Structure formats: C-alpha cells, structure tokens
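Q: Relying on the hints, combine the two individually framed chains into one complex.
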Amino acid sequence: MRETAGERWGRRIVLTLLTLFVVIPLYVMVTSAAKPLQDVQNGFTWWPSRPTLQPFIDMWSTVPLAHYLVNSLVVSSIAAVCSVAVAIFAAFAVSRYRFRGRGVFSVTVLSTQMFPGILFLLPLFLIYVNLGNSTGIELYASRTGLVITYLTFSLPFSIWMLVGYFDSIPRGLDEAAQVDGAGPLRTLFQVILPAAVPGVVAVTVYAFMTAWGEVLFASVMTDEGSRTLAVGLQGYSTQFNVYWNQVMAASLVVSVPVVAGFLALQRYFVAGLTAGAVK
Amino acid sequence: MATSTTAPGARPDRRDPRVGRPAPARARRPRRPRRSFLPYLLLVPAVVLELGIHVIPMLVGVWMSLLELTQFHIRDWSTAPFIGLDNYRATLNFHTAAGRELLHSFWITLLYTLLSVGLAWLLGIAGAVVLQRPFRGRAILRALFLTPYALPVYTAVITWSFLLQRDTGLVNHVLVDQLGLLNDKPFWLIGDNSFWSLLVVSVWRNWPFAFLCLMAGLQNVPDELHEAAAIDGAGFWRRLRSVTLPMLRPVNLVLLLVLFLWTFNDFNTPYVLFGGSAPEQADLISIHIYRSSFKTWDFGSGSAMSVALLFFLLVVSAGYLLITNRRRDHA
Numbered sequence: 001m002r003e004t005a006g007e008r009w010g011r012r013i014v015l016t017l018l019t020l021f022v023v024i025p026l027y028v029m030v031t032s033a034a035k036p037l038q039d040v041q042n043g044f045t046w047w048p049s050r051p052t053l054q055p056f057i058d059m060w061s062t063v064p065l066a067h068y069l070v071n072s073l074v075v076s077s078i079a080a081v082c083s084v085a086v087a088i089f090a091a092f093a094v095s096r097y098r099f100r101g102r103g104v105f106s107v108t109v110l111s112t113q114m115f116p117g118i119l120f121l122l123p124l125f126l127i128y129v130n131l132g133n134s135t136g137i138e139l140y141a142s143r144t145g146l147v148i149t150y151l152t153f154s155l156p157f158s159i160w161m162l163v164g165y166f167d168s169i170p171r172g173l174d175e176a177a178q179v180d181g182a183g184p185l186r187t188l189f190q191v192i193l194p195a196a197v198p199g200v201v202a203v204t205v206y207a208f209m210t211a212w213g214e215v216l217f218a219s220v221m222t223d224e225g226s227r228t229l230a231v232g233l234q235g236y237s238t239q240f241n242v243y244w245n246q247v248m249a250a251s252l253v254v255s256v257p258v259v260a261g262f263l264a265l266q267r268y269f270v271a272g273l274t275a276g277a278v279k
Numbered sequence: 001m002a003t004s005t006t007a008p009g010a011r012p013d014r015r016d017p018r019v020g021r022p023a024p025a026r027a028r029r030p031r032r033p034r035r036s037f038l039p040y041l042l043l044v045p046a047v048v049l050e051l052g053i054h055v056i057p058m059l060v061g062v063w064m065s066l067l068e069l070t071q072f073h074i075r076d077w078s079t080a081p082f083i084g085l086d087n088y089r090a091t092l093n094f095h096t097a098a099g100r101e102l103l104h105s106f107w108i109t110l111l112y113t114l115l116s117v118g119l120a121w122l123l124g125i126a127g128a129v130v131l132q133r134p135f136r137g138r139a140i141l142r143a144l145f146l147t148p149y150a151l152p153v154y155t156a157v158i159t160w161s162f163l164l165q166r167d168t169g170l171v172n173h174v175l176v177d178q179l180g181l182l183n184d185k186p187f188w189l190i191g192d193n194s195f196w197s198l199l200v201v202s203v204w205r206n207w208p209f210a211f212l213c214l215m216a217g218l219q220n221v222p223d224e225l226h227e228a229a230a231i232d233g234a235g236f237w238r239r240l241r242s243v244t245l246p247m248l249r250p251v252n253l254v255l256l257l258v259l260f261l262w263t264f265n266d267f268n269t270p271y272v273l274f275g276g277s278a279p280e281q282a283d284l285i286s287i288h289i290y291r292s293s294f295k296t297w298d299f300g301s302g303s304a305m306s307v308a309l310l311f312f313l314l315v316v317s318a319g320y321l322l323i324t325n326r327r328r329d330h331a
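Chains A and B, in that order, give the protein sequences.
So the first sequence is residues 1 to 279, counted in the UniProt record's numbering.
So the second sequence is residues 1 to 331, counted in the UniProt record's numbering.
Don't read these hints as lab results, they were simulated from the structure.
Please read all numbers here as calculations on a predicted model, not as lab measurements.
We put the CB at the ideal spot given by N, CA and C, even for glycine.
Do not take every clue at face value.
In silico contact screen, one side only, chain A against chain B (beta carbon under 7 Å); selected entries [said to hold, decoys possible]:
id, residue
1, 16
2, 118
3, 120
4, 244
5, 253
6, 256
Pairwise CB distance ranges, derived in the manner of DEER restraints [said to hold, decoys possible]:
id, chain 1, residue 1, chain 2, residue 2, range
7, A, 134, B, 220, 52 to 58 Å
8, A, 36, B, 48, 51 to 57 Å
9, B, 225, A, 170, 28 to 34 Å
10, B, 296, A, 57, 39 to 45 Å
11, A, 45, B, 225, 23 to 29 Å
12, B, 295, A, 137, 25 to 31 Å
13, B, 101, A, 170, 28 to 34 Å
Bound conformation, chain B alone (with noise of 0.2 Å):
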C-alpha cells in the first residue's frame, strides 16, 4: 500500500498551520484498519468517561434550565414543572435588578479577560523573545517564569491574598511605608480596587502559559529567517514585526482563543482571592451563576444562566476561527 510507505516517523509537517484541524493530514494517515471494530473498543472508555461526565450532565443542565427546578423541587426533580424559556426570560430580562446584575457581571468578565489575556499575551511574548538565544542562567530563569503556572491555584491566589492584606500585606507595607506614595493604607480586596487586584493575580498566574506556547513557537522559527533579515538592516522591532510575529501566528491563534475561553470562565483566582465571595467590582460570571445558585437553590435559573454563557462562548469561538480562517486563505 503506497500510503504506508511516508517516510516512517516522519513527523506531520512542522509547518502546517492548521492547527487542530486533522482533516488535510488524514490522507497520509498509513495502515488501513484491518479489524475496523478495534479502534472503537480502545476508544470505550474514554467514550464513556467524556459522555457520562461532560456531555450528558450538559444536556441534563439544557432540560434543568427549562424546569422550574426551585428548592421545593431540587429533593425529586421530576416533579419540577416544565416552564420553557421562562427561566430564561427572568434571567436575561436587564430591567429587574437580578438582570442588571448579571449584565454588569458580564460586563466585568468581558474587561477583566481581555485586559488579563493581553498582558499575559504581552509578558509572555517579551519573556520569551529575550529567553530566544542562549546565555547563562537562562534555563533557571525559564524554570522561574514557568513556577507559577505549575504552582497549585489555591496556594498561589492565597500567598496573593496575603501579599494585599490590608494592615500586613506586602503592597501596603512597601507602597505606603516604604515609598511613601499613598498616605493611607488603601483595601485591595474590597471596592473598587479589588478588580484590579484580581487581574495582576490572573496575570502572574496565565503569563507563564503564554510564555510556554509561545517560546515553543519560537523554537519553529529558523534563525537564518532572523539573520537575513538583519543582514538586510531589519532593527529589533522591524524582525518582531515582520519576521517572528508572523512565524508564531499559528501559536497565537490557538493560544489566544484558549487563554480567552479560560479566563473568561474562570472561577479559581476569584474564589480563593476573596473567600468564597466576590465584591461587585469583580463578580465574575461564574462566581455569579455559582453564588445566586447556592444561595437561593433555584437551579433551574441557574443552569438557564450557564447555557446563555455557554451560547455567548459557542458564538464567539465560532466568530474568531471564521474571521481567523478567512484572513489566511485571503493572505
């Protein structure tokens, strides 16, 4: 058979770009199954892990959403009523305070994960550009920059909390007694300033993702790319511009949706930062649907508020890889 002589272990082509699409690479796939049925049966139990635990509970979470699933029926939920959209209707109706809640949330959300996957996306490509050639120390400071990825979330967003304690945290002690730049010791965890804290903890925590993908994007780069370019007078930033940043732009695709779809559900750093509540200045969506569900058991509103998330993520997702798709066959 023609097709299983490819070169043995040559590696999908480096270059491809199209990431996460197996379709082109399919028909260099070698080995026609000759007992098609095992393939299927190695597939089982994964299968069945991903149905039972993520695809069906999100169905069941679609039908909880039309029910009125309230405390009075959260005990045997076949006796909740049927409503159809009226959860929804309620939840999404902007002029009740309920609703103008959730809007502002979203609001929050949407400014907190663009600025948060900005920065990372900005830290992330400045540290790995100056960790692209070689020098000493370099393998422990990629090490370094990599820690608070690998850090657990909780221990990381606790030392933070700590770090913005107000009487014996570090940020007062050194903006106020040390620098002498506010004469008063400000709150960081609560007011207006609490968003502002939860985006530097989400960018100290997400940069050095950024920074992961993206140096082993610059790893594909050939380096002869960066000398011709200077041998051609290309300074610094005429390379980033024009050699590098188009070399990783497969990498940021990827990276930049997934940076966005987790920031934008992130639960974790709110959570733990201020205790299992958040303030109105950074209620995010999921620490939103998360409190209004548990504090007043109504499910049903609950699940109709995560299925609008999920559609809003779905509308987006699809929006950026057509606008993303069109712009390269275009190129």
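Isolated chain A, as found in the complex (with noise of 0.2 Å):
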C-alpha cells in the first residue's frame, strides 16, 4: 500500500511534534543534572555555562538520598518477589483450573486496582497504627508495612498478566509432563514456568516499578527512618535553597534503572497486555 505526500509529511509532523513533547522534560532532566548551581538559580539555560558532575556528588549529602534509595530498594525489591510468587500460584490455578467462583476472583481482584487510593488510606493507617500499640506488631512507619501494602497494590495485574502468559503455554505440556507422573506442583514449576520466564520477569520489573514509584502511602505511612525515595526527593526543595542541579542529578540516577529495565522488557509488557485483554 502506498503512502500519499500529504499522509508522509502528516506523519513527519506529528511525530515530530510528539517527540518534542517527550523529549524537552528529558532534555531537562539530563542537562541541568550537570549544571553548576548558579545556572538554576538566575534564570533558564539550555546548556550548562560549565558542564559538571558535581550535583551527582553533593547530592548524597544535601539530603540522606543513599539511606532512601535503600528503603526504596529493600522495599520494592522485597515486594516485587513476594507480588511475583503469589501472582504464580494464583495465575496457575486461575489458567488451569476449572473451580467455582474462578470469575468472581478475577473480577474482584483486578477491580480492587481501580478504587480511590484514598480510600483505604485512612482504615489502613488507623489499622496499622492501632495494631501496633495493641500487640506490638509495627506496621506503621516500618519497611514491612510498606511491603505487604505494596505487594498487594501490583498483586492483581500481576495475575492478570501472569494468567495471559500461562493461558499462552500449550496444554499439551502439561499433559505430558502428568502422563510422566509429575503432579500439579511439579508441572507448574519444571514445564510452565520455565516456558513462562520471560513472562514473570517482566512481571516482577512491573512489582518492582509500582513500588518504586508510589508516593500516597509513602507519604503517610513512613518515618524518617522508613522514608523511601518518593518522599525523599522532595527534600532538596523544601529546604531554604532549592538545588535544582542536585534535584535532577537524583532524579535522574532513580530513574534510569526503572526506565532501562521497562524499556528492555516492553515486548512483554504489550504481550502480557494483549493476552491478558482479549481473553
């Protein structure tokens, strides 16, 4: 099929007007993380008068980021393994299994991603608060909260996704791994998952990106000692200077890895999306 002149240069604009839209944050982002201060405290500039590294140094200092980054690690990473091995075994009974109420577990599940944050924001901090003086179990401000609360938040499109890919390995597998003897356990773990691994890495980088990058409950339920990136990067501007340079230098550094790591797997993402939708 041919393209016409005017379909060719329409195409050229829009794409050129949605690269600049992305890209001039970006742009951003990048340049000014390698500007002196001066350079973000009178006025614009395009490039930076001295380029520096210097922000990417002080910027561990101006705030405590190297205590953050790792609360946001240990957090996210912990709750992106846990996400990922109880969206398995949930996606392997919900592929194959035939059992009643199949439907309405899916369905509850992947509406509770759509209700209001907010909502279970009050119970869950009075919950957590309460269950703490009452029986000593610290849930508020404390890592383990932030884990099972984040767990949860990427828990049903992990099984939604998960029940796509699994949905997508032939079923004839499994009868010959049953035909063998191997009963259901086996053949989840020694024929479907290895099938599956592209499947569940792209899962467990979507855990790890949802709590990475959640801010409501961080901003509630976390104390300076639990305090993640989310809240953490907010500190450079509420002092009485505000060191754009540092602020992008950090930003930028929290970024990459999410952003290359979606970027590698985004093959899977669409794949994982359409299974999951049209079925």
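A: Structural data, given as structure tokens:
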C-alpha cells in the first residue's frame, strides 16, 4: 500500500511534535543535572555554562539520599518478589483449573485496582497504628508495612498478566508431564514456569516499578527511618535553597534503572497486556 | 474428555471482544479438577492479602464513615460514638463552606479527568497510527514515547515543576525571553494557570499508556483490511474511521474506563507538582480528602467523602459498562 505525500508529511509532523513534547522535559532533566548551581538559580539556560558532575556528588549530602535509596531498594525488591510468587500460584489456579468462584475471583481482584487509594489510606493507617499499639506488630512507619501494602498494589495486574502468559503455554505440555507422573506443582515449576520466564521477569519488573514509584502511602506510612525516595526526593525542594541541579541529578539516578528495565522488557508488557485483554 | 482435546495451546480467540468477561470462555476450559481443593489452596495467599489490605480496610472505611471519629477518639476508636449518616449529611451539605469546597473540587476533578483522558487518548492514537508501518528509527521512537510512563511518577513530576518555575523554568524562558509572547513572567504553579499546568503534566504522564494499549490493539488489525479499503478508494481519514477505530473498539472500551478511573483518583501528580498542597484551582478530590482528613484529624468525615467518591465511581463504571454493552448487542 503506497503512502500519499500528504500522509507522509502528516506523519512527519505528528512524529516531530510528539517527540518534542516527550523529549524536552527529559532533556532538561539530563542537562540540568550537569549544571553548576548558579545556572539553575538565575534564569533558565539550555546548556550548562560549565558542564560539571558536581551535582551527582553533592546530592548525597544535601539529603540522606543513600538512606532513602536503600529503603526504596529493599522495599521494592521484597515487594516485587513476594508479589510475583503469590501471583504465580494464583495465576496457575486461574489458568489451569475450572473451579467455582473463578470468575468472581478474577473480577474482584482486578476491580480493587480501580478503587481510589485514598479510600484504603485512612483505614489502613488507623489499622496499622492500632495494630502496633495493641499487639506490638510494627506496620506503621516500618518497611514491613510498606512491603505488605505495595505487594498488594501490583498483585491484581501481575495475576492478570501471568494468566495471559500461562494461557499461551500449550496444555499439551502439562498433559505430557502428567502422563510422566508429575503432580500439579511439579508441572508448574518444571514445565510452565520455565516456558514463561520472560513473562515472569516482566511481571517482576512491573511489580518493582509499582513499589518504586508509589507516593500516596509513602507520604503517610513512613517516618524519617523508613522514608523512601518518593517522599525523600522532595527534601531538596523544601529547604531554603532549591538545589535544582541536584534534584535533577538524583531524579536521573533514580529513574535510569527502572526506565531501562521497562524498555528492555516492553515487548513482554505488550504481550501481557494483549494476552490478558483478549480473554 | 472431549474438551481437553481442543487444540493444545490454542490461545483464547484473539478477536473475542468480551474483554474481562471470562464466562463464555469457561466452557472451553480443559481439564476438570481432580483435586478440587488445590486451586483454592493456590489462591489462599492472594486472597488473604487482598482481603487484608483492600477488602477489610474498605469495609472498615465504610464503618469509620458512620462514626464520630475526630481527633479525640482517634487513639482508641472503640470510644468513637456511632452517628449514622451524620458525616455524610455534614460533608455533602453544599450550603456550608466545606461542602462548597468539596463540590468545587469534584467539578475540577471531573473537568481535569475528561480533558486529560481525551488528550491522552488523542496523542496515543496519533502515536500508534504513525508508528504502525515500519521505518528506520521506529523502535527508538517507540521506546522514547514509552519513557514518560516508565519514569517513576515523582521524578517526572519534579522535572515538570522545575520547567514550570516562574524565574528559573524553561517554559517562561521560552515564552517570555525567547519568543516574547508575554511581557511579564506568569506563575504556572499557583492561581488559574495551575490547573492547565497540572493537565499538561498528567497528559505527558498518561498518553504513553494509551499509546501502548492502542499499539498492541493495532497489531490485531490485519493489513489486508487496510489494503482492501485503500483499493476501494478510501483515504486516510476514511480508513481510520471505518477500519481502524471499529477494530480498536474492544481496546478502547477498557482503556478509556481504566484511564478515567486512574485520572479521577490521581493523587501523585498534584501532590508532587504543588509540593504537598494544591492551589484551589487544581484541588483534585484525592488531595482534597487527604488534606482535610490530616488537617483536622476528622477521619470520620474523610471516610464519608471517600465512600461517596467510591459510590460515584461505581455508578459511573456500571453505567458505562451497561451502555457500551447494550450498544454492542444492538450493533
């Protein structure tokens, strides 16, 4: 099918506009991270007057960035691994078994994703605080509390995507394994999971990103000791001087790993989305 | 068993538009459970977590909305008196100042959501269509377009708040210093402009998700359909309207609802953009409830507002699903 001249120019214009819209903030983030302080305090400059890596050094001491980074890393990693582990079993059940309540389970789990976060926040806050007061189980202002909360945030979508992946694995493989005498769990671990590795990795990255980027609960459920990047990064702005170059440097450092992970696995996210969506 | 022989590995029909409604597919599910307790056992961890963190807190939230749960009772809420629907009567009374503020916040949120979802969808479909046919650099552009969505929300929004600073931001530098469109540098993060700033940031964050879903949806549109339409003399817009959009309908149905709910509940963008508080003109409902709850420590009325919000979203979602389903049955 030939493209007309009008279509070709239309495409170029749309591509240029979209690219500019997306790139300009990213460009500002990257270049400002290499600016000396005076460049971000007296009017905007497109290019650093004197490119420097100093902001990447100073950012660690202006706020306890390393502390926030460790908190975010610990919370997000544990939440991601636990979320995927739980999702694997649930998705296996939904994909491979017919049972009463299967439809209800899928719909209920997915719909919790759609409810306003603010609705859970107030009761969960009180439950965590009161649980701590009455039983000594510290969930409020602790990393454990954050892990448990975040893992449920990614759980619905993880289950949904994994069901899609598991459905795409031929059932003939399970049946062959069963003929060989493998039980359901051995079938899951030795047949289905090895075939679904890309999907499992994509879902893990998704769960990690969800926890890494969460702001609402982090702003209420953490104190100085358990503070994560989502709240900690705002520390640069609340002080008397706003160190925009350091903010941009810290933002860059915090963003690059998750963006790289997402882009490397984008193919599998698309596969997961469609596989889940056409069911 | 007959059903277990249905083509091993056959994906559920790719064209099936009944998104998220598993009932019809169930008939073709292979393998009757031999141990019927096993699937339930596998679901236990997921169910316990969902119950503990979502369902029970939600029910507790409904219960809280019926209590006089003010700062005097928050330490030990068993002492909070039961006051029935009084919290609802008080917060939803639009003759009081607080009620008017809530109503104002609701309208702002509705306008914000409709504009944001509409624009995100438009950019998403534009991006998906122009990237539909292969050309050099397509993979790079696709990755680039997805980047705003992959960024942690707070780094994206912090960067935007830097761009929108009055004296040191890029926006005023370009508009005032370089293009000379305005004489005086406006404030973008307070006053009337804050609403439009919030809108632009939210579109920037959300459109890649629409793009991702629509791109995936377009992969299911066979090229032959376009070819046939082109041979019949259909131009670009005609093909878009008569071939592409109808084929994307199942994707759009889910995408628009999901975007609507996410945007309506959006807390992160205004919270980070305005540094913890929001100007009156950009006072989204989640921020409004959050601030009034933690300012006054009146969790009872905060819960009442949250439950009212949930009720509104349920009614909208149910209405949306009913209307779209009926339209499909008639089609």
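Q: None of the hints should be skipped; say for each whether it holds.
A: So, going through the hints one by one against the coordinates:
1. 16: Interface hint status for residue 16 of chain A: violated (10 Å vs cutoff 7 Å).
2. 118: Status holds, d = 5 Å.
3. 120: It holds, given that the least Cβ distance between residue 120 of chain A and chain B is near 5 Å, below 7 Å.
4. 244: 5 Å, holds
5. 253: With a minimum Cβ separation of about 9 Å from chain B (threshold 7 Å), the hint on residue 253 of chain A is violated.
6. 256: Residue 256 of chain A check fails; min Cβ-Cβ to chain B is 10 Å, beyond 7 Å.
7. A/134 with B/220: 52 to 58 Å: 54 Å, holds
8. A/36 with B/48: 51 to 57 Å: Holds, since residue 36 of chain A and residue 48 of chain B (Cβ atoms, about 53 Å apart) stay within the stated range.
9. B/225 with A/170: 28 to 34 Å: 29 Å, holds
10. B/296 with A/57: 39 to 45 Å: Holds, since residue 296 of chain B and residue 57 of chain A (Cβ atoms, about 43 Å apart) stay within the stated range.
11. A/45 with B/225: 23 to 29 Å: Since the Cβ atoms of residue 45 of chain A and residue 225 of chain B sit about 50 Å apart, the hinted range of 23 to 29 Å is violated.
12. B/295 with A/137: 25 to 31 Å: At roughly 29 Å between Cβ atoms, residue 137 of chain A and residue 295 of chain B fall inside 25 to 31 Å, so the hint holds.
13. B/101 with A/170: 28 to 34 Å: Distance hint for residue 101 of chain B, residue 170 of chain A is violated at roughly 58 Å.
Hint check: violations occur at hints 1, 5, 6, 11, 13; the rest are consistent with the structure.
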